[in-house]
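Top line first, the protein sequences correspond to chains A and B. Take the first sequence: its letters are residues 1 to 224, numbered as in UniProt numbering. Take the second sequence: its letters are residues 1 to 755, numbered as in UniProt numbering.
Hints are computed from structural coordinates only; laboratory data are not their basis. Everything numeric in this text was worked out from a predicted model, so none of it was measured. Be aware that one or more of the hints could be misleading.
Claimed, not checked - When the alpha-carbon atoms are kept at most 25 Å apart in a straight line, the in silico SDA-like pairs for lysine to any residue are as follows:
no. : chain 1 : residue 1 : chain 2 : residue 2
1   : B       : K286      : B       : K520
2   : A       : K65       : B       : R485
3   : A       : K65       : B       : K286
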Amino acid sequence: MYNYRYYCKNLHKYIHIVDVCFFTVSQEQIKNLYQRFQQLSGNHEKISRDDLERIPALNNNPIRKQIITAFFDKRNQHQNDVGSLDEIGFEQFLMVMSHFRPVNSTATEEEKAIVRKQKLRFLFNMHDTDNDGIITLDEYRTVVEELLSQSGAIETEVARSIADAAMLEVASTNVPHMAPDDFYEGITFEHFEQILKGIEMESRMSIRFLDMNTATMRCGKLSS
Amino acid sequence: MLTEGGSTGTLLFICMILILLHGSRGEIPSKPIAATILPFVKPNDGVQTYPEDQKNNLPVFTMNYPRIQIPFEITLWVLLASFAKIGFHVYHKITIWVPESCLLISIGLIVGAIMHSVHEEPPAVLTSNVFFLYMLPLIVLDFVAVFMQVFWFAVVGTLWNSIGIGISLFAICQIPAFGVQDINLQENLLFSAIISAVDPVAVLNVFEDVSVNEQLYIVVFGECLFNDAVTVVLYNMFSFVAEMPVVEPVDVFIGVARFFIVGLGGMAFGILFGFVAAFTTRFTSKVREIEPLFVFMYSYLAYLVAELFAISSIMAIITCALTMKYYVEENVSQRSCTTIRHVIKMVASISETLIFFFLGVVTITTDHEWNWGYILFTLLFAFVWRGLGILVLTQIINPFRTIPFNMKDQFGLAYGGLRGAVSFALAFTLPDTIGRKQLFVTATIAVILFTVFLQGISIRPLIEFINVRRTNRNLETINVEIHCRLMEHTMAGIEDLCGQWSRFYWKDKFMKFNNRILRKILIRDGRAESSIVALYKKLELQNAMEILDTASGNISAAPSIVSLSPNVDSSKLQKKFLAADLRNIHDILSKNMYKIRERTVAYRGKHALPNDSQTREILIRRHATIRRSLRPRSFQSSNVPRTHKYFSLPAGKSLESRFDAARWHYTDDHETLSEVAYPSQRSRFGKPARSSSSKAMIPLHRLGTLEEVPSTDVLNEESSSTGQGVFRTNSSYSDSRVPHPRRLYSLFDDNNSEL
């Protein structure tokens with residue numbers, strides 16, 4: 001069970017957090033998330049990285065490290081901070097989760113654009129580990145290697161070539177008139193937006209927090 | 001060979017029986033053909049008009065047409081339809097704009113006109129689209145995920161449609177101006193039940209050309225299939241009711257109960273027969289040749305038994321096929337599997353062709369009763385009610401979907417509801433006691449023609465115009481692909497993190513039960529992993545044989561994989577991609593990026609065989625590990641021993657031989673090729689050249705070696721523009737042609753070693 005009183009006390013705050021981004025969320029969903037938080041944290045107030053790393057379902061995910069890091073990344077807290085936290089409380093947890101809320105269908109175009117930007121920003125932060133505002137070739141290479149790491153048969157060279165190819169592509173679409181000796185620094189956020197502009201982020205990158213399988217959740221044991 | 005001959009023989013036999021059975025089922029207005037059963041019409045042995053005087057010489061040359069008349073005509077029909085099919089594809093441009101069904105109907109119309117003018121009778125209508133429904137196994141188990149939705153649309157949607165159309169038509173009938181006042185409510189409902197049935201054949205034809213996104217496709221297709229249950233019930237109910245003077249509420253309840261019996265009964269029978277089939281095939285390891293026979297016979301049996309009890313035969317056959325697909329496939333040999341698949345596709349193709357064909361023919365040759373008002377309103381209502389129905393139903397179901405159907409999807413759903421052969425057959429078998437039967441028939445044909453032609457032809461540009469979410473068969477940019485995949489992983493991770501209820505929860509439960517109990521009973525050596533490992537073993541052996549077979553030549557060029565020189569950092573990029581490179585990159589990406597739980601199955605078009613890519617993936621990984629474990633040995637000699645090479649072949653070739661290029665990249669650095677073959681690759685870029693090396697070795701390549709830079713000079717001159725920009729690239733993954741795209745399983749000539 002969760003700490004009901006504590007929860008109710010802060011409920012308005014939680015709703016405010018999530019609502020601030022034009023998302024609508026019901027109390028039911030916040031409650032689900034809170035329950036989940038409690039389970040992950042073992043009924044403490046804060047979650048540490050180890051708690052998240054213990055989730056078995058994530059073991060198969062090639063980018064689990066990045067995902068977990070994203071939770072502790074200050075940049076995802078909408079507060080213009082950089083660096084990373086060691087532990088997060090429920091509010092920060094919620095803040096990160098709020099990136100994945102589906103957009104209200106009544107939202108205007110601007111609101112949708114803002115939401116989309118946020119989601120893209122989240123993704124961008126996942127790549128840009130040193131927080132210099134651009135994704136360099138090395139960072140990209142790391143990403144691609146991790147993605148392909150599951151197959152076990154891909155050589156690092158191939159992964160690198162692919163990363164190179166991808167960078168080239170970005171360069172050629174975004175900076176079409178580069179002189180032969182120009183140095184393409186890396187993918188900036190604008191370029192990033194540009195490449196992904198065809199994709200419908202709003203629907204792809206959203207989860208409905210409706211169907212929580214709270215009955216079968218035990219710490220570490222999930223139904224999937 | 002023997003197997004194929006055997007199965008075709010049985011199949012033809014089945015076909016004929018089918019025709020005749022169906023022919024005799026309803027009052028289909030034909031034929032002398034339907035009447036006679038045996039192909040052996042008793043020949044009136046050369047009419048002996050002068051019996052006593054004439055000395056009968058042994059006839060040297062005789063003709064006896066009536067003897068072969070029936071099978072002959074049937075064969076001719078089938079051939080004609082197949083020729084038509086060939087013809088369409090010769091001129092490709094037509095098929096882009098006009099779906100096949102339209103063309104077939106047009107030809108049918110022409111032929112019908114011809115026949116009409118010579119006063120011939122058209123042959124019996126085939127309602128054998130039953131076989132067509134084997135297409136379903138291709139969409140198989142992932143169906144379960146959308147099962148409820150499909151059911152929802154199918155059942156509730158069809159009900160809504162029939163009742164809506166029926167009532168509005170009845171309202172129209174009240175208007176004296178149209179002169180159809182004699183049609184009462186029951187008859188109207190009956191008619192509307194007929195025309196609200198969406199037809200899978202037509203839909204499949206159209207949708208697959210348009211390549212809408214899979215969700216949409218699955219829902220529509222599934223709806224078509226399952227609404228058979230509803231249609232049959234409604235039809236029976238209403239036709240029964242139409243003959244009754246008075247309807248009472250208790251009849252309505254009975255009708256509802258009947259519906260459940262029909263639907264669920266059909267499924268139950270199907271599953272039962274599926275299990276029996278699975279059980280039987282457990283013991284067929286010694287009699288491989290007749291395995292396909294079991295499959296066909298059992299499914300047909302399911303169909304017949306369902307017909308016997310007047311429950312939904314299509315449901316029966318669907319569930320039978322599903323069950324069989326799952327269990328039987330593990331028991332039978334690969335070759336039987338292929339045989340089955342091919343036969344089914346062939347029969348499905350034929351029957352689909354024939355149906356539309358006959359539609360055209362019969363249109364011309366029957367007497368029509370035309371009533372402008374009624375027919376036009378029928379069209380109108382059919383359209384309107386379907387649209388409304390979809391609208392309402394999606395509103396209700398959208399909250400339960402992760403990706404809700406947007407307006408465009410709904411439009412696609414509504415517009416894609418084509419009527420076809422099912423309605424036609426039902427209309428034809430209307431009992432004659434209905435006064436206005438001809439009108440109904442005419443109206444049905446009108447609706448079918450309208451939907452197939454107009455909607456069928458216009459759906460493609462419309463969908464493109466409103467930009468419904470399409471399946472992404474086109475290559476996107478690499479970045480998009482990578483990032484999309486990243487997004488999916490992220491989403492999966494977040495879902496796992498917050499303990500999202502797995503939608504496959506029940507499926508998991510079932511799988512556990514399945515593994516523990518069912519498989520032990522139904523599958524020979526019911527090991528849990530048998531399928532993949534068994535498949536692997538078979539493939540491995542076949543690989544070996546294949547190498548031996550290809551020793552004589554036709555071994556292609558090695559891929560000359562030249563990657564970016566590591567010295568060059570991102571600053572000095574002056575490269576350009578060839579289209580082939582991009583494709584290869586995409587292949588690597590798609591084949592290697594960890595595939596997370598797919599929500600929909602990749603639909604690959606009705607003309608393509610199912611994709612065994614997952615097993616192949618696993619196969620390749622195993623190859624890689626084997627190679628790696630053998631690596632220390634290869635250090636000793638640059639001439640890699642032949643047995644070693646055997647392991648490094650990728651899995652069997654498929655229809656997508658081009659994509660196999662990616663597999664070559666999984667090589668170790670140190671596996672080199674024979675000295676002879678190596679130099680010859682340097683001159684090959686981007687073009688699949690074939691070098692017939694006398695050795696059976698497939699030359700493998702080193703990746704990313706600096707030595708291969710010299711090839712860029714030639715490359716630059718040759719570089720074709722891809723429109724990607726002004727950069728030119730050093731890296732070219734040339735299109736390596738792997739040894740002939742042989743069908744994976746049709747390798748050697750039988751006798752022994754049936755795997």
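List of violated hint numbers, smallest to largest: 3
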